[in-house]
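Residues per chain, in single letters:
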Amino acid sequence: MTAPSPVVRPRRPGKLRYVALQLAVLAVIAVCLTSLDANWSRLLDAPAAAWTYGTLMVRGVLQNPFAEPHLDYWLTSFELMGQSIAMAWVGTVIAAILSFPLGFLAASNTAPRWIVLPVRQLLNAIRAIPDVILVIVVMVPVFGLGPMSGALALGVGSVGTLGKLASEAIEGIQPGPVEAVRASGARPVQVIRWGVIPQVLPEIVAFWLYRFEVNIRAGAILGVVGAGGIGAYIGRAFDSRDWDRIGIALLVIVVVTMLVDAISGLVRHRIIAGPVARAAQLERVVG
Amino acid sequence: MTAPVAVRPPKPRPALGMWSLLAASVVITIVAGSAIDFDLLPLFSDTTRGWFIVSQFFAPDWSYLGRTVAPLLDTLAIAVVATAFGCVLALGAAMLASRITTRNGAIYRTSKAVLSVLRSLPDVVWGMLFVAFVGVGALAGMLALVAFNVGIIAKLTAETIDAVDPGPLEAADAAGANSVQRARVAVVPQILPNFASYSLYVFELNVRASVVLGFVGAGGIGTQIAVELARFNYDNLSAIIVVLFVVVFAIDQISGVLRRRLAS
Numbered sequence: 001m002t003a004p005s006p007v008v009r010p011r012r013p014g015k016l017r018y019v020a021l022q023l024a025v026l027a028v029i030a031v032c033l034t035s036l037d038a039n040w041s042r043l044l045d046a047p048a049a050a051w052t053y054g055t056l057m058v059r060g061v062l063q064n065p066f067a068e069p070h071l072d073y074w075l076t077s078f079e080l081m082g083q084s085i086a087m088a089w090v091g092t093v094i095a096a097i098l099s100f101p102l103g104f105l106a107a108s109n110t111a112p113r114w115i116v117l118p119v120r121q122l123l124n125a126i127r128a129i130p131d132v133i134l135v136i137v138v139m140v141p142v143f144g145l146g147p148m149s150g151a152l153a154l155g156v157g158s159v160g161t162l163g164k165l166a167s168e169a170i171e172g173i174q175p176g177p178v179e180a181v182r183a184s185g186a187r188p189v190q191v192i193r194w195g196v197i198p199q200v201l202p203e204i205v206a207f208w209l210y211r212f213e214v215n216i217r218a219g220a221i222l223g224v225v226g227a228g229g230i231g232a233y234i235g236r237a238f239d240s241r242d243w244d245r246i247g248i249a250l251l252v253i254v255v256v257t258m259l260v261d262a263i264s265g266l267v268r269h270r271i272i273a274g275p276v277a278r279a280a281q282l283e284r285v286v287g
Numbered sequence: 001m002t003a004p005v006a007v008r009p010p011k012p013r014p015a016l017g018m019w020s021l022l023a024a025s026v027v028i029t030i031v032a033g034s035a036i037d038f039d040l041l042p043l044f045s046d047t048t049r050g051w052f053i054v055s056q057f058f059a060p061d062w063s064y065l066g067r068t069v070a071p072l073l074d075t076l077a078i079a080v081v082a083t084a085f086g087c088v089l090a091l092g093a094a095m096l097a098s099r100i101t102t103r104n105g106a107i108y109r110t111s112k113a114v115l116s117v118l119r120s121l122p123d124v125v126w127g128m129l130f131v132a133f134v135g136v137g138a139l140a141g142m143l144a145l146v147a148f149n150v151g152i153i154a155k156l157t158a159e160t161i162d163a164v165d166p167g168p169l170e171a172a173d174a175a176g177a178n179s180v181q182r183a184r185v186a187v188v189p190q191i192l193p194n195f196a197s198y199s200l201y202v203f204e205l206n207v208r209a210s211v212v213l214g215f216v217g218a219g220g221i222g223t224q225i226a227v228e229l230a231r232f233n234y235d236n237l238s239a240i241i242v243v244l245f246v247v248v249f250a251i252d253q254i255s256g257v258l259r260r261r262l263a264s
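Chains as they are written, first to last, in the numbering used here: chain A, 1 to 287; chain B, 1 to 264.
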């Protein structure tokens, strides 16, 4: 009756593996959900509580900021947020200095294999230690409570990630400049200085700035275990359920973090893109 | 002597921007260093008490290991559930925060702003908020991680959506798809590998975050760490840290392998 269609459709790719994977993931989630000893009924109270406390926080923010005690809340929040940012910056500088040589030692095109493997594992190991653990195990016992402990913990803790990112950037370079430098008789150090660093520096500096943004948030966390910054202040405000103070401190964190992120982001894009790319972009805009 | 004289190109002058950036970062470093009383002396001078405590961490009480299993499983369960809820919510949020899938400028800008507020608060602050909202326990930790995860996954996914191949989008439009259908058939298949990779990455973050969340009463292994620290039981604490390190390291490696496979 009907003529067989000459067009043969390709067979659909098998779905079995995909479905099996989905089922496995769902099963894991289901097991976790049932094993979780969470008080689910409290979830129903959450919106009401969030509304109540939210209005309390907003009320605190809207109070006359030039009258005590709110003036003090604002000033202290800004001061401690500044301390958190200082911690994050110093930590990032320490991490940048430590991770820069490690990045070259962990890249297979700039270091021999017997160095690359242990250095990579070292970086992985550092990445697996949460910053908080560094603070309570080493920094607070040796340096005492305060922002210095936090900055060092952020510094050591960021070495793993920064070193890994740097080594990946180094492994992704173009071989041309390296060969040219080597052909003109450069020693290995000179090859790295003139063949490798100019290629990777913009990317690595962008990683540093990105890590600085991450460390601002991490720095706020470390205050909870006594490492200075705004974290400890917020912790005390929560302990006394002082919602005016909490609201003000949260607003300061959100605004300052977003501001620093925006500046850092602009600098990062400028470093990565470079003046040439920006000129090209401008040309496209102008016509 | 007729050979043309090779004219060397002039050496590019170091850009003014670079030098000012370098100077600015040196100044910022000095200001920041003095703001936190930067001082490395305790590393060498305070050899009596500080290093004694540190040395206690190198003598873990292995008999304590058994008691870390239950809270560790709790932590993993919290991390899994939070990642699951977080990535489902984040997929929707990412659709709203990309120009490709949301043509309405107001919705797009509002979603972006909400996401950057979500991201600007650290996980532990979310922990404190949810402990206040729903009380001490695993539920607060889970909700805190969900709020924290949505911000991260949605931002990364929205950027991936911005960069999708426009071909399938045009095909979906030409076939008369509405926004939801268009997102379902033209966007989701393109971003799924990246989205899965971000979810795994956030899962790694969540396992680490559970340590500090415990300090603010949000359940899991962190609570146990806070308790043992308050009692100065450094040998027990040390055992917990070793276990935690092994688990985090293993999860990072497995997740790293999976993410590399997703990327290729």
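Some clues are possibly wrong.
Said to hold, decoys possible - To spell it out: a stretch of chain A is covered by chain B in this simulated footprint if at least three of its residues, at any positions, have a beta carbon under 8 Å from a beta carbon of chain B; those stretches are:
no.	region
1	44 to 51
2	117 to 131
3	252 to 261
Honestly, the hints are just simulated from the structure, not real lab data.
Yeah, the Cβ is synthetic: ideal placement off N, Cα and C, and Gly gets one too.
For each hint, the structure was consulted:
For the region 44 to 51 of chain A, the proposed coverage by chain B is satisfied: 4 residues have a C-beta within less than 8 Å of a C-beta in that chain, meeting the threshold of three. With 6 residues having a Cβ less than 8 Å from any Cβ of chain B, the region 117 to 131 of chain A passes the three-residue criterion, so the hint holds. Counting residues of the region 252 to 261 of chain A whose C-beta lies closer than 8 Å to any C-beta of chain B gives 5; at least three are required, and the coverage claim holds.
Taken one by one, the earlier hints all hold for this structure without exception.
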